[in-house]
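First to last, the protein sequences are chains E and H. Just so we're aligned, residue 704 is where the first sequence starts under the numbering used here, counting upward by one. Just so we're aligned, residue 614 is where the second sequence starts under the numbering used here, counting upward by one.
These aren't lab readings, by the way, just hints derived from the structure by calculation. Fair warning: this is a prediction, and the values are worked out from it, not measured in the lab. Virtual Cβ for every residue (Gly too), placed ideally from N, Cα, C. There may be inaccurate statements among the hints.
Here are a few chain E residues that face chain H, going by a calculated C-beta distance under 10 Å [claimed, not checked]:
no., residue
1, Thr797
2, Ala960
3, Met965
4, Tyr977
5, Gln978
Covered stretches of chain E, as calculated for chain H (at least 3 residues, CB under 8 Å) [claimed, not checked]:
no., segment
6, 742 to 752
7, 911 to 922
8, 934 to 947
Sample of chain H residues lacking proximity to chain E, with all beta carbon distances greater than 12 Å (derived) [as the list claims (entries may be wrong)]:
no., residue
9, Trp629
10, Gly658
11, Leu660
12, Phe685
13, Arg717
14, Pro798
15, Ile901
16, Leu1100
17, Val1130
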Amino acid sequence: MKVPTAILTLIIGIIITLASLWVSQNNGLMPIAAAAEATEIDRLFAAMMAIATGLFLLVQGALIYSLFAFRRQANDETDAIPVHGNVSLEIVWTAVPAMLVLWLGIYSFDVYQSIDSVGTMGSNHMAHQHGQPTEMQMVTAQTDGSRAQVPGNSLWQRKPKPGAASADVDPLVIKVEGLQYAWLFTYPDTGIIAGELHLPNNRPVTLDINARDVIHAFWVPEFRLKQDAVPGQETHLNFQPSREGTYSVICAELCGAYHGAMKTRAIVHSEADYQAWVDSQVVASQESRTLAMKPLNPIPPSPLQAQAIAHHLPINLEPLGAPGRHETLASVADRQEH
Amino acid sequence: MTQAPALHSEVEVTPWREYFSFSTDHKVIGIQYLVTSFVFYLIGGVLAELVRTELATPQSDFVPRETYNELFTMHATIMIFLWIIPSLTGGFGNFLVPLMIGARDMAFPKLNAIAFWLIPPTGLLLLLSFFVGPASAGWTSYPPLSLITNKAGEAIWIAGVILLGTSSIMAGLNFLVTILKMRIPSMSLNQMPLFCWAMMATSALQLIATPVLTGAMVLLGFDLLVGTAFFNPTGGGDPIVYQHMFWFYSHPAVYIMILPAFGLISEILPVHARKPIFGYQAIAYSSIAISFLGLIVWAHHMFTSGTPDWLRMFFMIATMVIAVPTGIKVFSWVATVWGGKLNLCSAMLFGMAFVSMFVIGGLSGVMVASVPFDIHVHDTYFVVAHLHYVLFGGSVFGIYAGLYHWFPKMTGRMLNEFWGKVHFVLTFVGFNLCFLPMHVLGLQGMNRRIAEYDPKFATLNMVCTIGSYILAVSTLPFLINAIWSWLGGPQASANPWRGLTLEWTTPSPPPVENFEVEPVLLIGPYDYGRPEALVMTSAANPSLMGKPNSKAETVQPLPSREAEDKEGG
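Can you make the complete structure from the sequences, with help from the hints?
Spelled out as structure tokens, the structure:
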């Protein structure tokens, strides 16, 4: 019995669609999402995975099928049935991808606007800077530090709504400086300078990012956010941690020989733990003011000094472990001697 | 058949010395390009293996960290500027374009030779920079890092890129004029083989984009050597401006590296599928569309550089739009293969694998075009995977397909099919083992250009390294096969694959003047399945033997498309 082509095509189409949807939801390729923005980006990724898997299966399936079905018989010197084209088919495979990328473009635009990570799109950053209340912050305030994910569509409300009055949570502004090969985080509200990024959960954060020597890039994979640190310019990153835990801060832009070792930790605390950390740091920084002030010295530190500063501050380059750490410092010292 | 003149005894084999001379013969120059660039491919490959060996373990324990940065910088520089661009445009472009359009040579033969002879000394210069410490700021060479590391090597790198860019501009100009002006009169643009369309699109990019790179290099050189501050922030310069200038060339460079490969595949698939190319005009015009769009997408490399939002959105949309003409090509290739009578020789296997691998690179390409997603994966191994699926799974598979397909024409000898298939299987397996896991690594949080990484990535990195070793081994069967066959392989007929483009109407290898008499277009380049095609490509037909005029008795000259349209309308 021969199955009609139309039915066969339909069945294959359904199978490909189901497989694509399954892959998009169950690929497990992304790390844990630890910021409200990450959830949005993961949803976008899932959508793209669905489309990509569908197209992948379609093209690879057709090629593999051809490989077996259309093999030339030995001694068959004749040509295949000549088909020069098929206008309706060509219109379909021009129009469908065009609509897909149009949709994907609009969707990406939406996500980008809603995460508003660089803070100029919806003037959100400006609003934060001027301490204007936003509804998003109201939502945040109402979540009482619980782990509940911020609903995706509520991210739209981050756009400032003039006149909206509510209990305001100012974004926590942190100055981030990249230097060969360490990150320095300055908390202007308390004067803390740290080598690790400590954040309270569920509170909006604004990073003002700069670089001292060469271009670096601030990246926390669990936040899905990355921003270059450019010497001579200030860049920004706005986000809101949504999950307590310890994550890696990674330099993503090649910055020299020890680029791979330029890592530190981002620790998302509960509000209480964060406050405890702030209190402990304020005391500590008073005790070791000389050391803490060093990075603010107008003379940039050598890589060795930077390492030392970073080392002395509570940095733990977790993935490297202690031996790697020693090796790094030893080889820097080596190089300096030569 | 018996009265047909025997091919090889009559053809003067080019003396080997010719290949080491300032020859102005486009075929000699084409082979010079291919052999030279293949040597650099092997060198770049050795550098890649050293990089992968370092990355086999999470610690930085194989080479010093500075050396590691030098290795990947030179790997990319060599693979891009000394392997893929020269072999595809210089190598295949030179050998094939004049033959395909029935010309006797390129429009400017001396310029052609100069363009080639800029390459070996420049390549040598770049290699010699290993003695002073080569450039180590990545092939992108972003200031200020590039201004403060390995100054001598960086200066040599800048000089090298300027010289190679100049060579590329010369070649682009030559191709454009040759294709537009030197076709045989009976060949309209719409009867031109698709490889020539692709080369036309490529040349336009070379001419428009490369001078901007040269400009960027001159300014970077001033910053480096004279202490100006065009890009140096300590003197008030703007490093982002460099990125704009660099990517204004270097994104189109991706299309310079893939469009000719698209062209090769559009030639190879119909021949071995015994079917006309599906949607000739769509493929031809999509090359032009990609070429144009390729010029307005550069800043998608800079989505995390502190670029303004409107700019990110514009470049995101423009980049995604490229998926449309690219998709047209991919679907057309699949449709060409579909329902064919596939001769699964090495050339065809590489050709089909090209489509299969390029699709993966294309799909991940649309993903990284999306700004929010790119903010996560920019500068990670996801991008490394993407670019290698395009440049290795695409360009290099295309080059191999082309080498298997045209080797008989170039050398007059057939390659060994068995070893060709061994080469194919090893390359395919090694390539996917090496680069597929990198997608996962990048998504999970492994950044690129690092000598040491989080131990949780150790297993996948080991898989990548093993894959890279298989890739290294895979070049051996090809290399031995190519040298062996070139010296003593079975002799090739004029048209071993029964192709319809003009290069197959002249002996293998072609005589110095390419054609005994100026060829007349008797049949379209992809008219398989027409009775005339069968007659023309049949082994018993003497018209194969480089006497196109004799064909006129059996086959009517092809009416031009315009004439057909008029009749139809």
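Evaluation of the provided hints:
1. Taking 10 Å as the C-beta cut-off, the interface hint given for threonine 797 of chain E holds, the closest approach to chain H being about 6 Å.
2. Proximity of alanine 960 of chain E to chain H holds as hinted, the smallest CB-CB distance being about 4 Å (cut-off 10 Å).
3. Because the closest C-beta pair between methionine 965 of chain E and chain H is about 9 Å apart, less than 10 Å, the hint holds.
4. Because the smallest distance between the Cβ of tyrosine 977 of chain E and any Cβ of chain H comes to about 24 Å, over 10 Å, the interface hint for this residue is violated.
5. For glutamine 978 of chain E, the suggested interface contact is broken, since its CB lies about 29 Å from the closest CB of chain H, more than 10 Å.
6. Here the segment 742 to 752 of chain E counts 5 residues with a CB under 8 Å from a CB of chain H, which clears the bar of 3, and the coverage holds.
7. Residues of the segment 911 to 922 of chain E with a Cβ under 8 Å from some Cβ of chain H number 5, which satisfies the need for three, so the listed coverage holds.
8. Requiring three or more residues with a Cβ within less than 8 Å of a Cβ of chain H, the coverage given for the segment 934 to 947 of chain E holds, as 4 such residues are present.
9. Consistency note on tryptophan 629 of chain H: stated as away from chain E, and its beta-carbon is indeed over 12 Å from all of that chain's, at 36 Å minimum.
10. Annotated as non-interface, glycine 658 of chain H keeps its C-beta farther than 12 Å from every C-beta of chain E; the closest such distance is 22 Å.
11. Annotated as non-interface, leucine 660 of chain H keeps its C-beta farther than 12 Å from every C-beta of chain E; the closest such distance is 16 Å.
12. With 12 Å as the threshold on Cβ separation, the claim that phenylalanine 685 of chain H sits away from chain E is violated: the shortest Cβ distance comes to roughly 9 Å.
13. At roughly 31 Å from the closest C-beta of chain E, the C-beta of arginine 717 of chain H stays outside 12 Å, upholding its exclusion from the interface.
14. With a closest Cβ-Cβ approach of about 24 Å to chain E, proline 798 of chain H is found to remain outside the 12 Å limit, as its non-interface label requires.
15. Its beta-carbon lying about 15 Å from the closest one in chain E, isoleucine 901 of chain H satisfies the requirement of being farther than 12 Å from that chain.
16. At the 12 Å boundary, the C-beta of leucine 1100 of chain H stays outside the reach of chain E, the nearest C-beta of that chain being 30 Å off.
17. The non-interface label for valine 1130 of chain H is consistent with chain E: the shortest C-beta to C-beta separation is roughly 27 Å, beyond 12 Å.
Consistency with the previously given hints fails for numbers 4, 5, 12, ordered from lowest to highest.
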